[in-house]
Amino acid sequence: MNVKTNHPEQCQKALSGLKNVYDPEIDLNVVDLGLIYEILFSDEPKKVNCLMTLSTQFCPMGESIVDSVKYSLESNFPESEVEVTLTFDPPWTADCISEEGRAHLNS
Amino acid sequence: MFGVTGTSPAKTTSYKVVLPFYFYAALSLLVASFFLFTSDRAFLHHYFHPHLLAITHLMALGWGTMVILGASHQLVPVLIEGKLYSEKLAHASFILAAVGIPLLVYGFYFFDMGHPAKWGGRLVLLSILAYLINVGVSIGQSKKINVQAVYVATSVGWLFITGTFGLMLVYNFTFPFLGYDSIHFLPLHVHAGVVGWFLLLVLGVASRLIPMFLISKYQNDRLLWVIYFLVNGGLLLYIALFYFAPNKILSAIPIGMIFAAIVLFIKLCYAIYKKRIRRQVDDQMKVSLLSVAMILAPILLLLAVVVYVAYNGYGGAHITLGYGFLIFFGWLTAIILGMTFKTLPFIVWNKVYHKRSFSGQTPNPKDMFDALIFKIMSVAYLSGFVVFFVGILTKWLPLIQLGALLLIASAVLYNWNVIKVLIHKAKQK
Chain W
559 MNVKTNHPEQ CQKALSGLKN VYDPEIDLNV VDLGLIYEIL FSDEPKKVNC
609 LMTLSTQFCP MGESIVDSVK YSLESNFPES EVEVTLTFDP PWTADCISEE
659 GRAHLNS
Chain E
48 MFGVTGTSPA KTTSYKVVLP FYFYAALSLL VASFFLFTSD RAFLHHYFHP
98 HLLAITHLMA LGWGTMVILG ASHQLVPVLI EGKLYSEKLA HASFILAAVG
148 IPLLVYGFYF FDMGHPAKWG GRLVLLSILA YLINVGVSIG QSKKINVQAV
198 YVATSVGWLF ITGTFGLMLV YNFTFPFLGY DSIHFLPLHV HAGVVGWFLL
248 LVLGVASRLI PMFLISKYQN DRLLWVIYFL VNGGLLLYIA LFYFAPNKIL
298 SAIPIGMIFA AIVLFIKLCY AIYKKRIRRQ VDDQMKVSLL SVAMILAPIL
348 LLLAVVVYVA YNGYGGAHIT LGYGFLIFFG WLTAIILGMT FKTLPFIVWN
398 KVYHKRSFSG QTPNPKDMFD ALIFKIMSVA YLSGFVVFFV GILTKWLPLI
448 QLGALLLIAS AVLYNWNVIK VLIHKAKQK
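So the protein lines, in turn, are chains W and E. Just so you know, we're using this note's numbering here: the first sequence kicks off at 559 and counts up by one. Just so you know, we're using this note's numbering here: the second sequence kicks off at 48 and counts up by one.
I should point out that these hints are in silico values taken from the structure, not numbers from a laboratory. Heads up, the beta-carbon is just placed ideally off N, CA and C, and yes, glycines get one too. Wrong hints could be hidden among the right ones.
Looking from chain E toward chain W, a few residues come up when the C-beta cut is under 8 Å (computed) [what the hints assert, rightly or not]: (1) T201; (2) I262; (3) Q327; (4) N397.
Cβ-Cβ distance ranges computed for the label pairs, FRET-style [stated by the list, open to error]: (5) T441(E) <-> D653(W): 51 to 61 Å; (6) Q327(E) <-> T563(W): 24 to 34 Å; (7) S133(E) <-> E657(W): 55 to 65 Å; (8) D653(W) <-> I192(E): 50 to 60 Å; (9) R269(E) <-> D653(W): 53 to 63 Å; (10) A292(E) <-> S656(W): 55 to 65 Å; (11) I142(E) <-> E657(W): 19 to 29 Å.
Residues from chain W that keep clear of chain E, each with C-beta distances beyond 12 Å, as calculated [unchecked claim]: (12) N560; (13) K562; (14) N564; (15) H565; (16) P566; (17) C569; (18) Q570; (19) E602; (20) M619; (21) R660.
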């Protein structure tokens, strides 16, 4: 799990919240699934920018997962404006799944 | 405050389009299973029996085709990586088929090839046409054409050919214009539908879904193309031989090509399975993987029939009946029983929890149906299928009746779980 950030402490807070957001089809949270690429924080104005992907662009659960990521970040950083950017470059592959994620899938 | 920028998540096909197909299919399976019991004695005679034609069309159209149409309206965008062209056409496709199928089944059951069967056939064909246009334009508008999209497009083309030919056979009963009676052409109609529509579509969709559900890194498009050409080549050769060189021995060649395609597909599935990241395989996937192996059963039986006929000069009608039963109540039903609960709960979950998934209070889609009922259904289905099949081959009525009762039980339990998922509501806090 290599999430790019400019604020490791705040990023940890964001990621611990995002670990409650699940892709119901795979039954794994979006962090261990490797869907979160980058979380950047700025102070003036207070803003959280999250760059993420989906396992496939036409994932039937896509809208729901993106909404859940937005709401999770908003509830963890209520004073900040939250922006989620969706990208498919690079595309998600099974190699993006973290070791913890693989262990969960095999449990 | 928040927003989403970059690429937007694709809008999925509305549940309002998809769910009616699932409900209709579940009811069709139940009615067809009851017909197995009420028409038990028909299975002791020739396969060209009004009740057997009615059951076959109820299974092929009401059960198999309806559930596949429903699921594919949701899955085609995933397969072709593009949007479904029109939800209105999808609704039209459902309504036309939902009215046409009972008319057609009524026509066969009472062998009334007049208005009921003709109108039934026309409406079903219009439904297929609506689906063909919808899938064709969706694929045409898609940015990428992958091997699975070609499988889907070709299979829908075969469905249209099957439907058109089927309607011609219905007309041929009252206005003979084909040169022979309709029973002569029945094998063409059946195999265009079973191989061209069901087999090709299931192989194409499964080649995408099985790695998705197992989270496997294995991909082999080249092998998928080889399988594609073997299936289509085998079917075209079968039709050519039927018209130009009807010969039981030669017919082993197209059967062998399709057999080879299925063996290669099983090899592909095995490679996907071996390279999977998700080690635990749930019951729904087990039933679906079992059905992949079950494709071999009717093909092996067909090869046995060819060899039997070659040596004896005639074939047993009960073996042909067993062949049809293996296809519709065996392979096709097994794959749908498994895949229903890998797709339907997610569609309903999206409908119920889409706006509240962030709350952390949502159930897992797999918990929306009763796992114990699913297990009992699977046992009832497998035992009922085996008992009924042995009953057909041995022509022993008590086995046919027992098998039918077990299949009714499995259809009731399937409907129970489908309705449980369909009426699922979020718990109020």
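Results of checking the hints against the structure:
At about 21 Å, the closest approach between the beta carbon of T201(E) and any beta carbon in chain W exceeds 8 Å, and the interface hint on this residue is violated. Checking I262(E) against chain W: minimum C-beta separation of about 5 Å stays under 8 Å; hint holds. Checking Q327(E) against chain W by beta carbon gives a least distance of about 7 Å; that is within 8 Å, so the hint holds. Taking 8 Å as the C-beta cut-off, the interface hint given for N397(E) holds, the closest approach to chain W being about 6 Å.
Taking the beta carbon of each, T441(E) and D653(W) are about 53 Å apart, inside 51 to 61 Å as hinted. One distance hint, 24 to 34 Å for the beta-carbon pair Q327(E) and T563(W), holds here, with the actual separation near 33 Å. Checked against the hint of 55 to 65 Å, the pair S133(E) and E657(W) fails, with Cβ atoms roughly 44 Å apart. For the hinted restraint 50 to 60 Å between D653(W) and I192(E), the CB-CB distance of approximately 26 Å leaves it violated.
At roughly 22 Å, the beta-carbon separation of R269(E) and D653(W) lies outside the given 53 to 63 Å, and the hint is violated. Taking the beta carbon of each, A292(E) and S656(W) are about 60 Å apart, inside 55 to 65 Å as hinted. Range check, I142(E) to E657(W): about 51 Å between beta-carbon atoms, so the 19 to 29 Å window is missed. Distance check on N560(W): its Cβ is at least 18 Å (rounded) from any Cβ of chain E, clearing the 12 Å threshold; non-interface status holds.
Look at K562(W): its CB is around 15 Å from the nearest CB on chain E, clear of 12 Å, so calling it non-interface holds up. Residue-level check passed: N564(W) sits 18 Å from the nearest beta carbon of chain E, beyond 12 Å. Residue placement check: H565(W) keeps its beta carbon more than 12 Å from all beta carbons of chain E (closest about 18 Å). Look at P566(W): its CB is around 22 Å from the nearest CB on chain E, clear of 12 Å, so calling it non-interface holds up.
For C569(W), the shortest C-beta to C-beta distance to chain E comes to about 17 Å, beyond the 12 Å cut-off, and the non-interface label holds. Once the 12 Å rule is applied to beta carbons, Q570(W) is consistent with being away from chain E; the minimum gap is 19 Å. Every C-beta of chain E lies more than 12 Å from that of E602(W), the closest at about 16 Å, which supports listing it as non-interface. The claim that M619(W) lies off the interface is violated: its Cβ sits roughly 6 Å from the closest Cβ of chain E, which falls inside the 12 Å cut-off.
Non-interface status of R660(W) relative to chain E is broken: a Cβ of that chain comes within 12 Å, the nearest being about 6 Å off.
Hint violations for this structure: numbers 1, 7, 8, 9, 11, 20 and 21, all remaining hints satisfied.
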